[in-house]
Every structure is written in C-alpha cells, then in structure tokens.
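Engineer: Listed below, chain by chain, are the residues.
There are 2 protein chains.
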Amino acid sequence: MMKVRSGLLFVAGVCFSLTAFAQDNRLINYVNPLIGTDRMGHTYPGATVPFGAVQLSPETDTLPYEVDGHYNKDVYKYCAGYQYIDKTIVGFSHTHFSGTGHSDLGDFLIMSTVGKLQLNPGVASDPKSGFRSGFSHSTEVAEPDYYKVKLDRYDILAELTATTRVGFHQYTFPASEHAHIILDAVYGIYNYPDKNVWTYMRVENDTLVTGYRQTNGWGRTRTVYFAMVLSKPITEYGWQNGSKKEVYHGFWGKWEQSRDFPEMAGTQIRAWFDFKTEEGEKIKIKFALSPVSTANALENLETEAPGWSFNKVKKAGQAQWEQELKKIEVTADKDTKENFYTSMYHAFINPTVYMDVNGEYRGLDQGTHTAKGFVNYTTFSLWDTHRALHPLFNIIQPRRNADMVSSMLAHYDQSAEHMLPVWSNSANENWCMSGYHSVSVLADAVVKGVSGFDANRALNACVATARHASYEGLGYYIKMGYVPEDKNGSSVSKTLEYAYDDWCIAQMAQKLNRQDIYNEFILRSENFKHVYDAASGFMRPKMSDGTFKQSFDVLNTDEPGFIEGNAWNYGFYVPHQPAELIELMGGKKKFTQHLDSLFEMQLPDSFFAKTEDITRDGIIGNYVHGNEPSHHIAYLYNWTDQPWKTQLRVREALDKMYKPTPAGLSGNDDCGQMSAWYILSAMGFYPVAPGSVNYALGSPAVGKAVLHLENGHTFTITAKNQSPQNVYVQKVVLNGKVLNRNYITHEEIMSGGELVFYMSGKH
Amino acid sequence: MMKVRSGLLFVAGVCFSLTAFAQDNRLINYVNPLIGTDRMGHTYPGATVPFGAVQLSPETDTLPYEVDGHYNKDVYKYCAGYQYIDKTIVGFSHTHFSGTGHSDLGDFLIMSTVGKLQLNPGVASDPKSGFRSGFSHSTEVAEPDYYKVKLDRYDILAELTATTRVGFHQYTFPASEHAHIILDAVYGIYNYPDKNVWTYMRVENDTLVTGYRQTNGWGRTRTVYFAMVLSKPITEYGWQNGSKKEVYHGFWGKWEQSRDFPEMAGTQIRAWFDFKTEEGEKIKIKFALSPVSTANALENLETEAPGWSFNKVKKAGQAQWEQELKKIEVTADKDTKENFYTSMYHAFINPTVYMDVNGEYRGLDQGTHTAKGFVNYTTFSLWDTHRALHPLFNIIQPRRNADMVSSMLAHYDQSAEHMLPVWSNSANENWCMSGYHSVSVLADAVVKGVSGFDANRALNACVATARHASYEGLGYYIKMGYVPEDKNGSSVSKTLEYAYDDWCIAQMAQKLNRQDIYNEFILRSENFKHVYDAASGFMRPKMSDGTFKQSFDVLNTDEPGFIEGNAWNYGFYVPHQPAELIELMGGKKKFTQHLDSLFEMQLPDSFFAKTEDITRDGIIGNYVHGNEPSHHIAYLYNWTDQPWKTQLRVREALDKMYKPTPAGLSGNDDCGQMSAWYILSAMGFYPVAPGSVNYALGSPAVGKAVLHLENGHTFTITAKNQSPQNVYVQKVVLNGKVLNRNYITHEEIMSGGELVFYMSGKH
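Residue numbers (my numbering), protein chains in the order written: chain V, 1 to 763; chain S, 1 to 763.
Just to be clear, a hint being listed does not mean it is correct.
Same chains, same label: a pair holds when it works inside one copy or across any pair of copies.
Below, a list of computed lysine to any residue pairs in the SDA-like style, where the Cα atoms sit at most 20 angstroms apart [claimed, not checked]:
(1) K731 x G753
(2) K487 x Q257
(3) K487 x E256
(4) K479 x E256
For the record, the hints were derived by calculation from the structure and aren't laboratory data.
So here's chain V without its partners, still in its complex pose:
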C-alpha cells in the first residue's frame, strides 16, 4: 500500500509539475492586479472577470466623509477601497471602480470572524475595537479573477473569485463554536456623507438571503439588488439596525426582531450569520448582484454559478482573462510584459456589464428595460476613456465597443436631459468633467466602420447633445464661439473640448453624407481659435466682453478657465487640428520650442503641494501624464519637423510612468485610459484624435506585438533592433513597403499585415 501510494504521489507530482509548466506560459501570469494599488493608481486587487458586473475585492479602510466638520481628504485615497500600505482588512465588498478619482460603490461587505461577535468595523489603529483583521502581503495572492489572503486575527483563509454577476467567496475556518459571517450594508465607498438611503434584507431560508440597497452617492439615486447563497445552513442569525428611524416600535413586542427575525429594513443595516465550524472547514458564499430585482439576482446566480466548486469558477474566470489577453501577443522583457498585460487587464475591466442574464437592466429613468440585441454596459468615464480606451476597443474589441455604443444610445433615449452620457454609472449620470465625449466614442466607431448600431441614430443623438444650450456654457459657446469665463467656469477647457467634440460630429456627418450637419459642426470645431491669446502664447480664459481675463497663472492646475490641467498642458488640447494649432501658435519652430519647454521645465515644489492627482513621478518637466488632457501631447511633435521627439518622449513616459509594482502607476488609471495609452503607445501608435482613422506613429516598447483581430486577420508589429536605448525610429515598413508618413490608418491595421519599425539609438 505504501509503495503504491508513493507511486501515486509521484505521478501526481509529475502532473503538477507539468501543469505548473503549462501554466507558466499563460499570459495571466504577467498580470499583477496589485499594480496601482499603492498611492495614486486607485486600482483594486480583487477578483473580477473581463467587464464583469461584480468586482469582489478587499477593503482596507472605512473612512468618515467628514472629520471634525472638515472634508476628509483621505476619502480620495480609498476610491478603490484598498491601499497597499494598510495593515488591516475590514472585509470584502462586491463593487469597485478601477482607477477613478471620485468614489462610490463598495456594496455589501462580507467579513468572516470567529469568537465573540463584533458588529462594529473598528479602526485600523486598533483592530480589536471592531471586526477588522490584520493581514500581511506575505499571505496575499492577487491574480486575474482570484484573490487570497489570510485574516490573521481569526486564522481564516479568505479566497475570492467571480463570474460576471456573481462573487464567489471561500473562507477556510479554524474549529470554532462561534464562527460568524457578517453582511455589512452600512459600509460603502464614498465621497458623500451618509450615502445610504435604504437597505432591505430578508432571510428566505437557512442558506438564502436576499435584499437590496439604495444609495445616494456619486450616483445620485442608485439601487443594487442581491441574492446570497451559503454552502452551509445558518444556525442562528440577527441584525444590527443603526437607523435612527424605526417604524415597528409601536408593535415591537410582537416579535423578538434582533434574533432570527427574517427581515430588516433601514438605512444602517448589518446582518450576522452564525455557524459551528471544524478545523479547516470551508464555508462558501455565492453573492449575485442585479440592477433590477432579487429574483433576477437569484437567476443570475443559478445561471452563472450553479455548483459549489470554487476552483471551477476560478478556472473559468481565468480562462476568460487568458482569452482576452491573447488578443495581443507581445514579445518583450518581463517587466514590459507585466506592464503590458496588467494594462490589458486594467483596460478590460471597464466599462462593466449592467444587465441581468435575462437581458433586463435598470435604465437612466429608473425603470426596468430589456436590452434587445446588445449587452448593456455602464461605468462610462468618458472624459478619460474616449481618448484611447474606446479607440483600442475599436481595434481589439469592436463587438463589445458596438454594444457600448448601443448602451450609450439607450442612455440617450432614457435621459431626461436628452443627452448622451457624460460620466454614467449604474443608471445614473454624475455629469463628471467637461465636454460630451460620448460623441467622440460614437464618431470613432462610425468613421472606423464598426457595425452593430444605427449610425444615423447615433449622429442624431450627438447633434441633440451638442445643441443643448443650457448645458455648461454651451449656449454661450454656440452663440459667441467660446465659453466666457465670467458666465461659466473652466471656460478654456470647455471651449477646447467642445471644439474637438464638434469636429467628431462633423466627421460622422461627412461619413454619413449629412452635409448640413457637417457644415454646422466643422465650423464650430474652429472655435478653439477664439480662446488663443497671441500676446501670451497660451489658450487663455476670455470674458463675455471679448477681453482676456487679466490675472493668469499658466502653471496653476486650479486656475480659473481650466479643469484638471493647467494652461501649459490644456493649451495643446486641439487634437483634431494640430497643424492649425501650430500655425496659430506661430509656426513649427516656435511651436516646437513651446513643446520642448513643456517637457523640459522645472516645476516649483508649490505646484505639487496643491495639485491633486499629480506627483513628481507623474510628470516630465511640466508634462503631466498622470491626468488625461496631455495624453496626446507627446505625439504632437509628429506635426513638427522633429518627430523624433515624439519617439523620445513617448518612450520616456512608457518607461517612467508605468512600473510593475504596487506604486507603479503615476496617476489614477481612470477606468483603463492610462492603461490603454500604455498598450497603444507600447505597440508604436496612438489615436491623437479619435474620430480620425489615423494613428500617429510613436516608438514601440515591445519587440513584437501580434494582434488577433475579431475579423480573423492578424496584424503584426515588429521592432527591429529594439532596446531601451534604441528609442528612435529610422524607418517604418508596412507590408514590405517603406511608409513615407508618420501615421497608419485603421483600415491598414484591420486588413491585417505586418508593420516593421527599424529602431536606433540615434535620431
């Protein structure tokens, strides 16, 4: 027996080695979800599938919005619920933004404990004041769709995975007479005080709990339904209701409501479920979400996660990731591959599916709708993601991007303001940031021939949005050709962004032969000229009387006239007309000098002290890569006589702004925009003006990239003589012919073929 058993072990050992070896080739091994979890990245390390509706991830702190009557600045740190430097975990919640600079979500925190039941989360400085536990990175494993950590205080091993709509928890307990699972609906990630509006929960039977939660956070009027199934029957349960209001007080004596009473409602509800556990016993939880109903949540759960095998769900989720990552196969050094595939991972987290398996979703009108012929998505951080993420999708995820366009058109149909989304999430519009850049996403899809939606319907929605006079100074812009700063703030940012958006509409109109629309919007797209001040050489806030605003600090990020970018950076924001911008700013030579200054100047310390979102790591000179308005700037050298400076600066940004470490992201990942910039730039090209079919060439950071396109074609990019020093492009050959231009077209990529960069250390 002994011998046979050894033999079996030996065989198993071989198998394991083979498997491990096979796994080594998987691209998911190059993904490190911890990248960006330290400081500014605002990514989360937990489990999610590509574009998943559930993002199941640890929370390291619970923060009050106000401290002693003052806004708590640390709230910004916890946009993703997790900071790498923290020492305690308070639990695992099911929804997270990836890389945002504002916060919300954090729904339904689950915490497992043993011993005396505590229902207060406690504080990090004194974990024993509540139910939180210390943890160590030494026990922490973060992979695509898998997260593991030891809850040291309780000797509980926590493991997380997910399907699109179901979070799957697995807790390995010690032996305990008093094992608890806490379901905390008080916890939330928030920018706003007391965001809980209402929570309703009910224990349907000893393994099923359902309910919903309404919040008034960044999403003003948001509801999430859930169904939670436990692998082991509850022996006892109860509630802590911290709501100030109670309605049953008159009849309170009717029931003992604190224990084993099957329903509870209020604004501050925590539930606890008790078990007896044996050493090493696993309690599993499947936790499904729905935007529509508890019945749909249960249907989602039963459809996506019918069994109890944690490993099967994890394996399926990781296979989904592998399939997505394989769409671009790169050859590069390990660090670059980690940066690249983690960027791919972060790029394919958002937007998120917002639809039940039966096709129902909550619309912007708060009603239930059924998505017909498309998958409905939410989490549209469009001021960020129109720049590179959606253009990346048009290459590598066009089917999904068409569904995202359909989702945006549904939003338009349901909008009380009759506008396309600005920043939308979970059936809410939070209006964050300037412009209406959904038109850029729609235009980019239309001009690139992405199919799956009605292009004329899309154009009509764009036009209605762009004519909405009461929106943020747009009426003035339409009438006067610019937004006057004394009438509506951030006027330069708005004027420049409206002009770009107008150009996008014109491109769509041209493609669709809508000449009248083209004429109207191509004219509007020239409006950037109206805020250029030749005297200072900058885009500058203009008043309604036609004069420029007198006081003007070109470095200040909070300068009136601008939003999340100073005049230096925002002044280059004419992505659709670089040549005209160059002419406006005094010609190629003067413009080149101006660009050089941006990259070369030394900023004073005071700049960093007062500028949110930006650190010294996030800049090159005064070029701020950590925020989006600058993302095209390095490529503008392509329109000067010194395109080699594009190659230099792009490679510098690729190298300096992205590191395969928790603190490796130089700014908020912003729902994948920072990552999409990396992916495209690392392959050697970038969409300076989405809505154009052209991609500006830069300098690839990978040796080779093979793009497996949905149309069956393959586009291969090779960088000959690639090295960290060889950042300059001597020659570009497309399908065997030297390319005498510094851009390639969308059609050239989508037709498949080979693009070869010949690299050198000299320009």
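Following the hints, position chain S against chain V.
Structural biologist: Below, chain S alone, put in the same frame as chain V:
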C-alpha cells in the same frame, strides 16, 4: 335669433330638469362622504371609485410628528388628512386610509395657486405664511367619486374625480400671469417622524411628469410610482429640494438645477409648474399611481383615463358606485337611507386594488409579481374587518372576496415570516393588533362555499400561521393553553382571539375533511376557558405560574392583559362558543345579568379622559361600540332566554352610533367594519362568529331590503309594522314558514327568498 335661442335654452332647461329628476332616484344621492369626517370617524370626503387604488381627497392640515420633543397627539386626528372643523386646505393628495386609527399614505399633494409662488405649506393659524387656502363648507360638494371646493384665497375652483388608478383634478383659474401647480412630495400623512426615504421626479416633456416616492411610515418600506399629465403645457418649472444631502454639489455649476432642469431626487422634494391663465380657464391633471413602475403608471393612465373630459370620468365613477349600491335596495326614511348607503359607500372603499392594469403588483418581498387569475388587493385591516366586512362581502361581493382571499394567499407565499396578513398595506405588513384574523376571512369563505381559490392551500396557510411559535406569545399559547401575561402582554386579548381563530381553522378543516387538523384546532379553540377567573367573573390575565395577575381593573381600557378594550368588553369575546361561555360564566341567568350590567352601568368621567377612540357617544353604559371587540356582544342575548334585549340593544346602537352628519360616526370606521356592522344589523342579522354559516337575527332598522346576489338570486327582507319604537321582533317568517330559531343560514340567503320580520313595540 333671440327667440330661437330662448327656445333652445328652454329645451335645455327641460332636459336639465328631467336629468335632475332622474338623478334624484339614484342611490348615490343618499351617500354623504362627509359623514365621519368630524372627530372620530377618520373617513375622508374626497373622490374614489369602489375599492379604488386612488383616494383623491383634500388635506386640511400638515402636522409635525413631534412638538417640542413630544409626540403630537393631533396626528391621530389626521389619519384621513381631513377634519371637518378645519378652515384651510393645504392641497389634495392621492392616497388615504378610510377610518383607520393609525396613519400613513397622503402621497403626492397637489395645490393650485396664483400670484407670488410660495413653496411652504404654512400653518392653519396664518394661511398666508404658506400656500394653503381658506375654504368654506358652503362651496364644498362631496359625492361618491366627486369632490368640489373653492380655494377662497386664490379664487380657484377645485374639482376632483378618479378612476381605479387615476386621480383626475380640474382647477378653474382666474386670469393670472402667475398660475402655479405645486406637486408636493414632502407632505405625507404619518405617525412617524421624517417618513420620506426618497423621491425621484422627472419632467419628461411639457405635459408629462413621472417619478416615485419611497416612505418609511406605518408601511416600513413602501414605494409609489406616478405619472402626471397636464392638459396645458408648462411654461416654466422648478424644484425645491429640502434634502440635507446633495450629491451634485461638486458639479452644481454644470446646470442651473433650480429652474427648468428636468430631474430631481432627494428626501424632501416639491415641484412647481407655471402657467398663464385666462379668466375661467380650466387646467386639468390626470395623476396615475402604480406600485411597480412609472411605465405602468403611464399605462394605467392611458388605459383608464384616455381623454380630457372631467365629467365623463366623474359620470363613469358615479355609475360604478350606483351599480355597487344597487346590490341592496332598501326602503327606509331619509336619515336611515343616508346612514345605510353611506355605510355601503364606506364598506366598499376597502380593501383597495393594488395592481396595475397589466396585472403587475409589488409583492411583500418587494419584487414585482403578476396576479394570475385574480385582482390583487391591499389595505387589509383584518382585526377589524374579519368581523362583519368580509362576511358582508361573502353575501354581496363574493367574487371580490375570493380575490381578496387570493391576495392574502399571495401575501402568505411572499412572506418572510411565512404568515398570512395581519394588517397589510402596499406590500408591507405592519403587524397591527393581535391575532391572525385572516384565518377567519379564509374560513368564512371556505365554509360558505365561496369559490375562486384553492381551499386546501388556504387551510395550509392558516395552519402554518397558527403554528408560528415565535409570533406574539403563540408558542406559550400552544404549550400552555394560554398566553401568560408575564411572558407576552395583552395576554387575555391574545388568548381569546387565538382561540376564536383556532376554531375558524377547525371549521375549515371539517369542511375539507382534514380530520387531524380539525382535532388539533378544535382542542385549541377551547383555550378561552384558561383565562376565565371564576372568582372575579371575568377573563383575567394569567401568569406563567398559573396564578391570575393580582391587580386587576376591569374598566381600564389600557389594563395589562388587554388591547383596545377593557375586561368588561373583551371578556365576552368568545364568538365561536357563546353557549360554553354562558355556562362558564355561571349559566344563562347570571350571564344575562352580567350583560345587562355592561349596557346599563354609568362610567366615570375619568374613563373617557384616558381612553383613545371612545367618546360618550360611542358607548351604551360600558358597551363600547366605537371599537371592534364588542361588535358581537349585543347579539349574545340570543343565546340567553331574553333575545329581545339583542333587538333592543342593536336598534339602540343603530340609532345612537350612526348619524347622517359629519360627526355621525361614534368611532373610527376602521376600513368599513363599523359600516358593515350597520348594514348587516340594519337588515336584521349579523355574523357573530365568521366561520360559521349562521347569522344571528336582530332587529331590522329598514322597512325593506332587497339583496341582488351575484348568483342571480334575490333575497328580500321585510319588516312589517316597522317604526323607531317597534324594535321588537314578534315573529320571523322565511319563505312563508315561521322560523323557530333566531338565526338564518348563509345558504338560506344565497338561495334567494323572502324573510319577513313582524315588528312590535313590545317584547
């Protein structure tokens, strides 16, 4: 021309007279919705159709729950939103309970004003402090489904009518440049502070507004959706958001949200809509409700009230009432007919339809359900209405009562506690009062052969409910045979009511041949004996050690052991076993003396000072007719040797407790129970123990009553020699045969036929 015109006028005049004459015969002319609006009745004077989901009625006061930190006793006065003595109207809201002693609802207050816009309701003592208006009863008209009043301050004539799910307002304005319609979602009728949880509203276009409101009132977690259509386009609109929380503050500058911004959300929302009006111009509003969605509300609106003719809707609503009232045609003096038909009106207001035209409704689990094969109802005040209202329905509304039973079974299926309704409203269970008297309603329907539901499914739901050990002392009751006062309060009331409910279950089981269930519950039904204290001669609180509670005040309504009734009244509550009760209490002679004492004693003033719900008008001696536990007591003389005292006391109650005046109801109408007592007693019979097929005979107050039954049969009751003095029954003849018993059976009524009472001034 002049002559022709006169002729036309003359013709029209004749037509009008003929119409008026024809209308004079309508039974709705005997309905006075103002009866019960003064003091205790808690009825409302506004517009509703039979069992309508919308109850559109004026509000005369808005009251804070607390005044200086103390519970505001006046809240009780405003259960129906209106008190006859008030001098101002603050607006008209769409939902009202009829006759309850607790409060909730009052959704979506509409007020029309002219002049300077005011958005604060103001106070009655100084109407100009807000938007409220003085009014006079001289301009007030209240009819079934029609209410009219002049808003004196603004010279606006307000008229209201309704369909089942749509409130129809018609406001006749003076000429004004500044005419306003205010939609106030802050207002509510409430027992609890700050009951608003969330309100969302959106202006879809210049004549359509939609949204919903969530409240945490008596219904703990309640949502109402609406769609409002205006007959005239809005020129301008805006919001007042009194919520403490705002989420858009960070992006507030994006929109001017106070004016013409199409959506608003928060806890304290008022909307205003502006118009210019000409002298005599009518602005009409159709306001539809839904428990499910704004889309359903709009569908309800378009289905039930497609046009703009106010009079057509009113006429249809009044025709519905006429049809219901005609089910019983009585011959009587004018006052008696007003009492009778107003009682019919009040009896047919509740329960209310809780289902959209497409069959969808909100379930107790807060999910959307579709009623298959039945109309779903809510507003089940069962502690009250099981006594006479549902038995009345089994005679005159059996189809509706079957649907009500189906609604109660759906409630059971959706109940987290797996219990039938106790007091349910709008997808909420408020657990009000003792017992679980839905079993009485189900049993009564089953034993009387009412069809339209599965009787065995009903029995199973009753049994599960009755075995729910953790419900209000029921575990002790099951184990010990009574509820011990030291373990669970109101123990005598509960013990007696459980015993009656148990008997109901036994009757169902017998009818359905479920012998085991019969045996279990017929045994339990004897439990009333365990709280009888032979020493004092009263039902008396018993302790868990088997001794009776020492201190014992038989007059005190708030006495431990009892709820809403003192030991004198509650002690007779063994409706299912009067003969055994009589034996227990010392035999017929002693029992008769005991009953006599109840009706003849003089109560001290202190009794009234501290007893809610009861006035000197509401009692005969110590017999409290104004609250329900006594409703069968006058009929108990039928089991003694002096049934003539039943006849005397019933006629005394009919005469004294019901007057055709605003103050004419001696207690809360309690969703029709007080009215149902009147209707049945005035016809000469009463269901002492619903669940039994027998009706105890009393003394008719009408000369004749013709019951048009749904099965096509007609049952005619005649009181020969009827007069106010001739209260005694000398002889009863059923279908030509002298009846030698003092009851008739359900089958005798439903078979049709003739019952003749021979009346006399002597017993």
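Engineer: The structure should be examined with respect to each hint, and the outcome stated for every one.
Structural biologist: To see whether the hints hold, each was checked on the structure:
Taking CA atoms no more than 20 angstroms apart as the test, K731 paired with G753 passes inside one copy only; the shortest distance there is 17 angstroms, against 108 angstroms between copies. In this assembly of identical chains, K487 and Q257 lie within 20 angstroms of each other by CA distance solely across copies; the values are 16 angstroms between and 56 angstroms within a copy. In this assembly of identical chains, the alpha carbons of K487 and E256 lie at most 20 angstroms apart only when taken from different copies (12 angstroms versus 60 angstroms within one copy). With identical chains, the CA atoms of K479 and E256 are at most 20 angstroms apart between copies only, with a shortest distance of 19 angstroms across copies and 66 angstroms within one.
The structure shown violates none of the earlier numbered hints.
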